[in-house]
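Trainee: Sequence:
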Amino acid sequence: MHFRDKKRKSEQERAKERAAQALREQPPEAESRNKGKRRRQLQQLEQREQLEKKPGSRPR
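Residue numbers (the UniProt record's numbering): 1 to 60.
I should point out that these hints are in silico values taken from the structure, not numbers from a laboratory.
Among the clues, some could well be false.
With a straight-line cut-off of 25 Å between C-alpha atoms, the simulated BS3-like cross-links for lysine-lysine are [claimed, not checked]:
#  : residue 1 : residue 2
1  : 37        : 6
2  : 7         : 35
3  : 35        : 9
4  : 37        : 7
5  : 16        : 37
6  : 16        : 6
7  : 53        : 6
8  : 16        : 53
9  : 35        : 6
10 : 9         : 53
Simulated DEER-style distance windows between Cβ atoms [to be verified]:
#  : residue 1 : residue 2 : range
11 : 7         : 35        : 14 to 24 Å
12 : 38        : 6         : 28 to 38 Å
13 : 15        : 46        : 13 to 23 Å
14 : 36        : 5         : 14 to 24 Å
15 : 3         : 38        : 33 to 43 Å
Predicted model only: the values in this text are computed from it and were never measured.
Positions of the beta carbon are idealized from the N, C-alpha and C atoms, including for glycine.
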C-alpha cells in the first residue's frame with residue numbers, strides 16, 4: 001500500500017469518526033422533521049461499531 005493510500009484511508013476513517021460524533025452530539029429535538037432519519041443513522045452507527053468490536057469481522 002502506498003503512503004498516499006494509507007493517508008487517504010486514515011483521513012476517511014477520521015472523517016467517519018467526526019461525523020459519528022457530530023451525530024451523537026446533535027440534540028434530538030433540533031430536527032423534528034428528520035427524527036426517523038436521525039434514528040436510522042444512529043442505529044446504523046451502533047451496528048457498525050458493534051461489528052468493528054467483534055474479533056474476526058470485516059468492516060463493510
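Trainee: Failing hints, ascending?
Mentor: Those not satisfied are hints 1, 2, 3, 4, 9, 11 and 14.
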